[in-house]
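Chains as they are written, first to last, in this note's numbering: chain U, 1 to 238; chain A, 1 to 238.
These are computed hints drawn from the structure, not numbers from a lab.
Any given hint could be a false lead.
The list treats identical chains as interchangeable, and a pair is accepted whether it falls inside one copy or across any two copies.
Straight-line C-alpha distance at most 25 Å; calculated SDA-like pairs for lysine to any residue [what the hints assert, rightly or not]:
no., residue 1, residue 2
1, K3, R160
2, K3, V225
3, K3, E169
4, K151, W165
2 protein chains.
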Amino acid sequence: MLKPGTLYLIPCPISDATAPWEVLPAGNRAVMASLDYFIVEQTRTARRFLARAVPELRIDALEFRELNEHTAAGAAVEALLDPLLAGRSAGVISEAGVPGVADPGALVVEAAHRRGIRVVPLVGPSSIILAMMASGLNGQSFAFNGYLPVKGPERQRAIRHYERWARTERQTQLFIEAPYRNAKLFGELLQSLQPDTRLLVAADLTAPDERIAMRTVAEWRCAEVPDLQRHPAIFGIG
Amino acid sequence: MLKPGTLYLIPCPISDATAPWEVLPAGNRAVMASLDYFIVEQTRTARRFLARAVPELRIDALEFRELNEHTAAGAAVEALLDPLLAGRSAGVISEAGVPGVADPGALVVEAAHRRGIRVVPLVGPSSIILAMMASGLNGQSFAFNGYLPVKGPERQRAIRHYERWARTERQTQLFIEAPYRNAKLFGELLQSLQPDTRLLVAADLTAPDERIAMRTVAEWRCAEVPDLQRHPAIFGIG
Numbered sequence: 001m002l003k004p005g006t007l008y009l010i011p012c013p014i015s016d017a018t019a020p021w022e023v024l025p026a027g028n029r030a031v032m033a034s035l036d037y038f039i040v041e042q043t044r045t046a047r048r049f050l051a052r053a054v055p056e057l058r059i060d061a062l063e064f065r066e067l068n069e070h071t072a073a074g075a076a077v078e079a080l081l082d083p084l085l086a087g088r089s090a091g092v093i094s095e096a097g098v099p100g101v102a103d104p105g106a107l108v109v110e111a112a113h114r115r116g117i118r119v120v121p122l123v124g125p126s127s128i129i130l131a132m133m134a135s136g137l138n139g140q141s142f143a144f145n146g147y148l149p150v151k152g153p154e155r156q157r158a159i160r161h162y163e164r165w166a167r168t169e170r171q172t173q174l175f176i177e178a179p180y181r182n183a184k185l186f187g188e189l190l191q192s193l194q195p196d197t198r199l200l201v202a203a204d205l206t207a208p209d210e211r212i213a214m215r216t217v218a219e220w221r222c223a224e225v226p227d228l229q230r231h232p233a234i235f236g237i238g
Numbered sequence: 001m002l003k004p005g006t007l008y009l010i011p012c013p014i015s016d017a018t019a020p021w022e023v024l025p026a027g028n029r030a031v032m033a034s035l036d037y038f039i040v041e042q043t044r045t046a047r048r049f050l051a052r053a054v055p056e057l058r059i060d061a062l063e064f065r066e067l068n069e070h071t072a073a074g075a076a077v078e079a080l081l082d083p084l085l086a087g088r089s090a091g092v093i094s095e096a097g098v099p100g101v102a103d104p105g106a107l108v109v110e111a112a113h114r115r116g117i118r119v120v121p122l123v124g125p126s127s128i129i130l131a132m133m134a135s136g137l138n139g140q141s142f143a144f145n146g147y148l149p150v151k152g153p154e155r156q157r158a159i160r161h162y163e164r165w166a167r168t169e170r171q172t173q174l175f176i177e178a179p180y181r182n183a184k185l186f187g188e189l190l191q192s193l194q195p196d197t198r199l200l201v202a203a204d205l206t207a208p209d210e211r212i213a214m215r216t217v218a219e220w221r222c223a224e225v226p227d228l229q230r231h232p233a234i235f236g237i238g
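Take these sequences, add in the hints, and give me the full structure.
Put into structure tokens, the structure is as follows:
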């Protein structure tokens, strides 16, 4: 019987302004160059990333299958793994940063474990961990909460809940928002949070215009409003 | 007035068996080569890492100051930043992986923000994020809880609490243990957790003998016991 292939989790840059090998270890390159099958969030961006990072790859000879909100039904996810059961390895690539955390890539990883396929995560940029490093907040206990709820009352409840946990349990709380709502969110945070709560704003991480700022809410209220609108950002409360 | 220096957070490999540039991006190298002042968890290991990663550095000409459980008093931490206020940049290096998350490096980052010093996190291996990528567990909501309590009753309570949160709130729970207690912990987890709870064990991440396995507790009870004793490992419940 053929040994099953390996599912490699292949990070890409967070920012388009960053050259791939500035933020990805050289060790990833040999893995990427050895693969001809990729499970990707979006074919167009994955092709562009591979062409830029590994110019000797013949992109047209590679097979791409999409795994995203439109294709992530159970049977479709299982079918993505058929080539691996036949001994072929695959790379998972998400839209930005490390795959498998807060993107549909996790579904194929979960299925791979159930079917006894080896999973190998490669090193790359994660805005979650970069934000934690740069925060100075408690890293012995932290939670990433994904997107804030969109609707008013739940949104208010979530913000209050995160602040309460950060203060009473000393658990750092990270969350994100769709970039086009970042400016609105920042205003809401300054309004809702207590003056001595510490608020981290980390925008455009790894990009040339990366901005990381950590202030108490009282200090933020007197500071210049950061330009976050349409910039990917991650927020933290401690 | 002099512009203050920058505090760079410089990751190192997780495993001694890994060549630095296999798991660190080339972009970090220029930053490391430009610095002559390092705030480190342990001088001996930081010197060894720098000598291996950037052979052209004259290690004896560099200044190292230690920040660890023995030196982490408030005034001492502030004093580490005096050179930065005078315009010199510094690199923070922890014992393994990314600095500032679950190590004393966070203290100097926190002080840097208070004093208006720019903080720049560099990309590198984090066992937390590698474990999350490789788990297939919910990455839209996860918590890293650091070390499990050592004492029996609190330890049991923590394990039950993490399982309850993982199941009712769908928040993935990650935690670690001192490597010499890993085998004991694994046994306790199999005993305490419910049969259909999913348990991730990720040992020796990024090392040649990396092992990542994800099974339900019922499956683990029938599987071979992994060799975790004295191997750095991270555990996850989902």
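query: Which earlier hints can't be squared with this structure?
result: Hints 1 and 3 not satisfied by this model.
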